[in-house]
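Given the coordinates of chain A, assemble chain B onto it according to the supplied hints.
Listed in order, the protein sequences are those of chains A and B. First residue of the first sequence: 5, per the working numbering; consecutive thereafter. First residue of the second sequence: 5, per the working numbering; consecutive thereafter.
If you are wondering where the hints come from, they were derived from the structure by calculation, not from laboratory data. Note that CB positions come from ideal geometry on N, CA and C, so glycine has one too. Hints may contain errors.
What the hints assert, rightly or not - Dumping the calculated EDC-like pairs for lysine to aspartate or glutamate here, alpha-carbon to alpha-carbon at most 20 Å:
id: 1; chain 1: B; residue 1: Lys96; chain 2: A; residue 2: Glu103
id: 2; chain 1: B; residue 1: Lys96; chain 2: A; residue 2: Glu66
id: 3; chain 1: A; residue 1: Lys75; chain 2: B; residue 2: Glu103
id: 4; chain 1: B; residue 1: Lys96; chain 2: B; residue 2: Glu25
id: 5; chain 1: A; residue 1: Lys90; chain 2: A; residue 2: Asp79
id: 6; chain 1: A; residue 1: Lys96; chain 2: B; residue 2: Asp105
id: 7; chain 1: B; residue 1: Lys75; chain 2: A; residue 2: Asp105
id: 8; chain 1: B; residue 1: Lys75; chain 2: A; residue 2: Glu103
Said to hold, decoys possible - Over the 12 Å line for every Cβ pair with chain A, so calculated as not near, a few chain B residues:
id: 9; residue: Asn30
id: 10; residue: Tyr48
id: 11; residue: Glu66
id: 12; residue: His80
Protein chains: 2
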Amino acid sequence: MIASTPVPPYYAVIFTSLRTESDTDNYATMADQMAALASVQPGYLGAESAREGLGITVSYWESLEAIRQWKAQADHLIAQQMGREKWYAAYKTRVCRVERDYGFGAV
Amino acid sequence: MIASTPVPPYYAVIFTSLRTESDTDNYATMADQMAALASVQPGYLGAESAREGLGITVSYWESLEAIRQWKAQADHLIAQQMGREKWYAAYKTRVCRVERDYGFGAV
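Extracted from the complex, chain A is given alone in its bound form (with noise of 0.2 Å):
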């Protein structure tokens, strides 16, 4: 689905990531329990991934601050340790401010 956010400006996380080969499963498990945990957090607006070789979520915050408490999270500490030692070969975060936005359809 795409996000429903609410009028800028808003702050987004861009994560994008190149997997491993190895130990399907147990990423799949965390991407959901990160994703479920991401959407309780204090700030959390929303969320959109997609993967194709390559795969990009991108969430949304009310502020860098909550991006921050989310960084600092305790299981999402251990996701992001995890994901440097085993599943990702490579990944890129980009922290960014959401100027403006516009659309088309039923967003």
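Frame of chain A, contents of chain B only:
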């Protein structure tokens, strides 16, 4: 590929879309043409794309002015119109300033 981008600040356009079922071949041709055309615009820095039901394309730019010029580019305007009329059930475009980034692996 994960886009190789400079030290922030720079700008990102997050384009999230849901396709209609129609006109798959023409859509694929247009998508390839728009990716090629974007890549030769002034101020273009790179792009990342994945579709898995939801499509997410993130393009990176040196400035808001470069984004404005790309939005107003003639062939791109035609693709935007065709998108609303035919290819997309819904889309959302978000224009962002990338404040910071960090990564892992060969990015």
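Failing hints, ascending?
none
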